[in-house]
Amino acid sequence: MHIGTYIELVQKGQQDSAEAFLLVSAKHAAEPDIKEMCKLLASWSQLLVEKIKPFAEKYSEEKDNEPDRLLKDFFEQNRKGALALLRDLHDLWLMANEANVSAIILRQAAQGLRDKELMQLCDELEKKSERQISWLLTRMKSAAPQVLIAAA
Amino acid sequence: MNQTRDSIKDIWGERTPYKGENYPVRIDERTIEEPDHWVQSACVLCSTGCGLDIGVKDGKIVGVRGRGVDISNYGRLGPKGLYGWIANNSPDRLTKPLVRKNGKLVEASWNEAMNLIVEQSKKIIDKQTGLGIGFYTSGQLFIEDYYTLAVIGKAGIGTPHMDGNTRLCTATAAAALKVSFGTDGQPGAYKDIDDTDCIFLVGHNIASQQTVLWMRILDRLAGPNPPKLIVMDPRKTATAEKADVHLDPLPGTNIPVLNGLLNLIIQAGDVNEEYINAHTVGFEELKKTVAQWTPEKVEEISGVSSEKLRMAAHILGKTPTLLSTALQGVYQSMKATAAAVQINNLHLIRGLIGKPGSGIFQMNGQPTSQNTRECGADGDLPGFRNWGNKEHINQLAKLWNVDPDIIPHWAPPTHAMEIWRYAEQGSIKMLWISGTNPAVSLPELSRIRKILEKEDLFVIVQDAFMTETAVYADVVLPAALWGEKTGTFTNITRTVHISHKAVEPPGEAKPDFDIFLDYAKRMGFCDKDGNPLIKWNTPEEAFEAWKECSRGRPCDYTGMSYAKLTGGSGIQWPCNEKHPDGAVHIYTDGMFNTAIEESESYGHDLITGAAHTEKDYKAIDPRGKAFIKPAEYIPPHETPDEEYSLWLTTGRLVYHFHTRTKTGRAKELYDAAPDSYVQVSEEDAAALGIAEGDMIEVASRRGSVTQPARIGGIKKGVVFIPFHYGYWDNPERSRAANELTITEWDAVSKQPHFKYAAVKLSKAKEGVLHKIGEALNMVNDQPQKMEV
Ligand code: SF4
Chain A
1 MHIGTYIELV QKGQQDSAEA FLLVSAKHAA EPDIKEMCKL LASWSQLLVE
51 KIKPFAEKYS EEKDNEPDRL LKDFFEQNRK GALALLRDLH DLWLMANEAN
101 VSAIILRQAA QGLRDKELMQ LCDELEKKSE RQISWLLTRM KSAAPQVLIA
151 AA
Chain B
1 MNQTRDSIKD IWGERTPYKG ENYPVRIDER TIEEPDHWVQ SACVLCSTGC
51 GLDIGVKDGK IVGVRGRGVD ISNYGRLGPK GLYGWIANNS PDRLTKPLVR
101 KNGKLVEASW NEAMNLIVEQ SKKIIDKQTG LGIGFYTSGQ LFIEDYYTLA
151 VIGKAGIGTP HMDGNTRLCT ATAAAALKVS FGTDGQPGAY KDIDDTDCIF
201 LVGHNIASQQ TVLWMRILDR LAGPNPPKLI VMDPRKTATA EKADVHLDPL
251 PGTNIPVLNG LLNLIIQAGD VNEEYINAHT VGFEELKKTV AQWTPEKVEE
301 ISGVSSEKLR MAAHILGKTP TLLSTALQGV YQSMKATAAA VQINNLHLIR
351 GLIGKPGSGI FQMNGQPTSQ NTRECGADGD LPGFRNWGNK EHINQLAKLW
401 NVDPDIIPHW APPTHAMEIW RYAEQGSIKM LWISGTNPAV SLPELSRIRK
451 ILEKEDLFVI VQDAFMTETA VYADVVLPAA LWGEKTGTFT NITRTVHISH
501 KAVEPPGEAK PDFDIFLDYA KRMGFCDKDG NPLIKWNTPE EAFEAWKECS
551 RGRPCDYTGM SYAKLTGGSG IQWPCNEKHP DGAVHIYTDG MFNTAIEESE
601 SYGHDLITGA AHTEKDYKAI DPRGKAFIKP AEYIPPHETP DEEYSLWLTT
651 GRLVYHFHTR TKTGRAKELY DAAPDSYVQV SEEDAAALGI AEGDMIEVAS
701 RRGSVTQPAR IGGIKKGVVF IPFHYGYWDN PERSRAANEL TITEWDAVSK
751 QPHFKYAAVK LSKAKEGVLH KIGEALNMVN DQPQKMEV
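So the sequence lines, in the order shown, correspond to chains A and B.
Counted from 1, the first sequence has number 39 at position 39 by full-length UniProt numbering; the numbering is strictly sequential.
Counted from 1, the second sequence has number 633 at position 633 by full-length UniProt numbering; the numbering is strictly sequential.
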C-alpha cells in the first residue's frame with residue numbers, strides 16, 4: 001500500500017498552503033482584504049495539518065520516499081509590481097487545487113479501506129480547499145482587468 | 001414664524017397613543033415666515049423618508065411641514081427635517097464652477113470646467129479604457145440622477161468602478177437581503193409597527209437615527225397592548241432606555257449573540273416547521289452551527305449575560321408577530337452580512353415574514369441609498385439584475401441598444417474601498433465624487449487625504465458646499481440641492497416619493513441630473529445605431545426610462561408616474577398592473593426571488609465573500625424558497641491589547657446627518673451639538689483619572705484626535721466618538737473619528753468596519769484645548785447619560 005505516502009503528501013500540501021497563504025498575506029499587506037483573508041485561509045490549512053496527524057501515524061508503515069513537489073515550485077522569484085498580486089494569487093490557486101485533488105484521491109482509498117474517520121477528514125479537506133479556490137478565483141477575476149489593462 | 005414644537009428640546013414631540021389601524025395624524029411644522037405657497041417633497045436627511053411640503057416665499061424656502069396623508073410619517077417630522085432646509089439658504093453655497101490653476105481653485109465658466117473634464121476623460125480612456133475612471137457618488141441624489149449616471153458609466157464609458165458613500169451605510173442591507181431572499185427589497189413596511197407584538201432593534205439607535213419611526217414606536221408603547229422591545233447595542237442609548245431587554249455585546253460579537261438567540265429558540269421548539277419545510281432551505285445547517293452557542297458561551301465571548309439572552313430568546317421565540325431592524329451596529333461591524341442574515345433567519349425559522357406586524361427592516365443610513373442599489377449607481381446592475389446572468393445583461397443591452405460586452409459584468413463590480421485603492425495605486429486616474437464627503441466619512445483619513453492629493457489623480461467634486469473633500473478637487477462643480485430640482489427617491493420600505501422643485505438653485509449651480517446629461521452629450525456617448533445613448537432630457541423622461549428598466553423586476557415602478565406620485569402619499573413598489581397602488585408587503589405567499597432567472601446574485605461564501613457561480617447555483621436552485629445561511633464566528637482583526645487597551649466604536653447623533661455639510665449649517669442644529677466628544681464608561685474614566693469635559697487624546701495605530709470627555713452610558717472597555725465632525729468649521733483640532741478607524745471591510749457586502757478599532761486614551765495637555773472642553777460643556781445641555 002502507498003496510502004501512508006499519500007497521506008503525507010496531503011499533509012505536506014496543507015502545510016505548504018498554510019505557509020504560502022501567510023507569505024502572500026504579509027507580502028500584500030497593503031491590500032487589506034488579502035492580508036486578513038489569507039491569514040484566515042492559512043489558519044484553515046494549519047488546522048487541517050493537525051487533523052491529518054493521527055492518520056499519518058496510523059498509516060505510517062504504508063509509505064515510501066517519494067519526494068514532494070509543492071511549495072518549492074511556487075513563489076520562487078520575489079515578484080514585484082502590479083502583476084505580482086495576480087501571479088501570487090494564481091500560484092495559491094494552483095496549490096489549493098493540488099490539495100483539492102489529493103483530497104479527492106485520498107478519499108477513494110479511505111472508502112476502499114472503509115475508514116469512516118478518514119473519509120470524513122477527506123470531505124473536510126475537499127470542502128475547505130474548494131472554499132479557498134473559490135475565494136482566490138473571485139479575487140483574481142476582479143483584479144485581472146485592472147492589473148492587465150489599466151495598471152502602469 | 002410658526003412652529004408646532006421646539007424639536008431641538010422636544011425631539012419626538014407629543015404622544016399620540018394607538019394600536020392597529022389609523023395611526024393618528026400629527027402635523028409638525030416650522031416656518032420662519034408665512035409661505036406664499038407649498039411644494040410637495042420628502043425629507044432627505046435620513047432613510048425614513050418623511051413626506052413633507054416645502055414652504056416658499058418670494059422664491060426662497062422659508063420652512064417645512066409634514067404631510068398628513070403620507071404613510072411614512074402621517075405629518076410628523078424630526079429635528080433634522082424641521083431645520084435641515086436652512087442649509088439651502090446658506091451664504092456659503094457654491095455658485096460657480098471652480099478649476100485648479102497653479103495650485104489654486106479659481107472661478108471658471110461651465111464650458112471651461114466641463115471641457116476640461118471631457119478632455120481628461122478622453123485622454124484616460126484612450127490610454128487605459130474606461131478602467132481608468134471611477135465614480136464615487138452619494139446616498140443623496142435622486143433616481144433620475146442615479147439612473148443617468150449608471151447608464152453613462154455602464155454603457156457609455158464601460159467602467160465597473162462606480163460606487164459611493166452608500167457602500168458605507170447600506171451595502172450590507174442589500175447584501176443580506178440578496179443572500180436570504182434572492183434579491184434586494186425590504187419585506188416589511190412601517191405599517192408593521194402598528195400591529196406588531198415585538199420589536200427587535202439590532203445595532204440600531206432608532207431614537208436618534210430615525211426619529212419619526214421612533215415616534216411611531218413610542219406611540220405604540222404608550223397605547224394599548226404595547227409591543228415588547230428588545231435592543232441590542234453596546235451603549236445605553238435613548239432607544240435602549242426603553243427596552244424590555246437590553247443586550248449589550250462587546251464590539252465584533254454580534255454573531256455569537258444572534259447565534260445564541262437562534263439556538264435557544266430552536267432548543268425550545270419555537271420554530272415553525274411547516275414554514276421551514278415549505279419555504280426555506282438550509283435549516284439543518286443552521287441548527288448544527290448554532291448548537292455550540294450556549295448562553296454561557298455567548299456570555300463569555302460577548303459579555304451579554306446569559307440570563308438576558310434567555311429572556312430575549314423567550315420573547316422572540318413566543319411572539320406571534322415580530323418586527324426586526326438592523327443598522328450600522330451590524331453593518332459596520334465584523335462579518336456584517338453574515339450577522340445581518342441571522343436576523344433574516346430568525347424570521348424565517350419562525351415563519352414571521354410577509355404579513356401584518358411581521359417585517360424586517362434591513363435599514364439604510366441615507367435617504368436615497370435604496371436608489372443607488374436599484375438604479376445601479378453603487379455597482380449593482382439596474383433593476384436588481386445579476387451581473388453573472390447573461391440574460392440579465394442582454395436585457396440591459398437591449399434596453400440601451402448597446403453591445404452587451406460594453407456593460408462591465410466580467411466580475412463583481414468594484415466596491416468603494418477598492419476604487420480608492422486603485423486610485424492610490426495609480427490605475428484609476430480620474431475620480432468623480434458627487435454629493436458626498438469622503439475626506440471625513442471614509443476610514444483612515446490620513447490615507448484618503450494622501451490619495452486625494454495625488455498629482456496623477458484628477459478629482460472632480462460635485463457638491464453644494466466647499467467640503468473637506470472639495471478643497472482637494474481639480475474641478476469643483478456647484479450642484480443644486482434638494483428643493484431646487486425635481487426627482488424621486490425611495491425610502492427603506494420601498495415607498496417612492498416625488499420631490500418637486502420649489503426654488504431656483506443659487507447662482508450658476510445646476511442639478512446633478514443636468515450635469516450628468518451635459519457630460520454625456522459632450523462625450524458623445526452613442527448607442528449601436530449612432531443615436532445618443534441617453535435618450536432623455538428631463539427628470540420626468542428619465543423616470544419613464546427607469547420605469548422601463550424596472551419592468552418585470554421585483555422593484556417594478558411601471559405603475560407609477562409623476563402625476564400619480566403628486567398630491568397624495570408616497571407609493572410602495574412593486575407598483576404595476578398586479579399592484580396598481582403598490583404593495584405593503586412582499587413575499588406574502590412565502591415565494592422569494594431565488595429562482596435562478598430571478599435572483600440578483602448567485603450567492604457568496606459568507607465568510608470569505610467568494611462569489612458562487614451559475615453552476616454552483618444551479619446545483620442548489622431553491623426555486624422560490626428562501627436561503628437559511630448560518631454564520632461562523634470570526635473575531636475582529638484588531639482587538640485591544642496592552643498598549644491600545646480600549647475598543648472604539650463610532651456612530652451618529654440625533655441633530656446631525658453624515659458629515660454635517662447641511663445640518664452643520666442650520667444654526668439651531670449646530671448649536672444643539674456643536675462639537676465632537678469621546679464617551680467613556682465611569683469605570684474607565686475613574687481608572688484613567690478622566691473628569692467630564694477633560695480634553696482627551698484618543699489614539700489608534702492610524703492617527704489621533706483630541707476630544708472632550710463625556711462620562712457614562714457606555715460599556716466598560718468601550719469608547720464612542722460621533723463620526724459627523726470634520727474640519728470645515730473647525731480646522732484647528734484633529735477631531736474626525738475616522739482618523740482612527742481601520743481600512744477593512746466585510747467580505748460579502750464590502751462595507752467598511754467602523755465599529756471597532758483598538759485605541760488608547762490620555763489626557764491632552766492643558767491650555768487652549770482644555771478651554772474648548774469647558775466651553776462645550778456649558779453650551780451642551782443635552783442629557784449626558786442618555787445618548788441620542
Ligand atoms: S426622521 Fe428622517 S426623514 Fe423624517 S424628518 Fe427626521 S431626518 Fe427627515
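Be aware that one or more of the hints could be misleading.
[As the list claims (entries may be wrong)] Partial pick of chain A residues on the chain B-facing surface, computed with a CB cut under 8 Å: (1) Asp33; (2) Met37; (3) Leu40; (4) Ala42; (5) Arg79; (6) Leu83; (7) Ser134; (8) Thr138; (9) Gln146; (10) Ala150.
Hints in this document: simulated from the structure, not taken from any laboratory.
Quantities reported herein were computed from a predicted structural model and do not represent experimental measurements.
We put the beta carbon where it would ideally sit given N, CA and C, even for glycine.
(message) Are any of the numbered hints broken by this structure? If so, which, sorted upward?
(response) 4, 5 and 6
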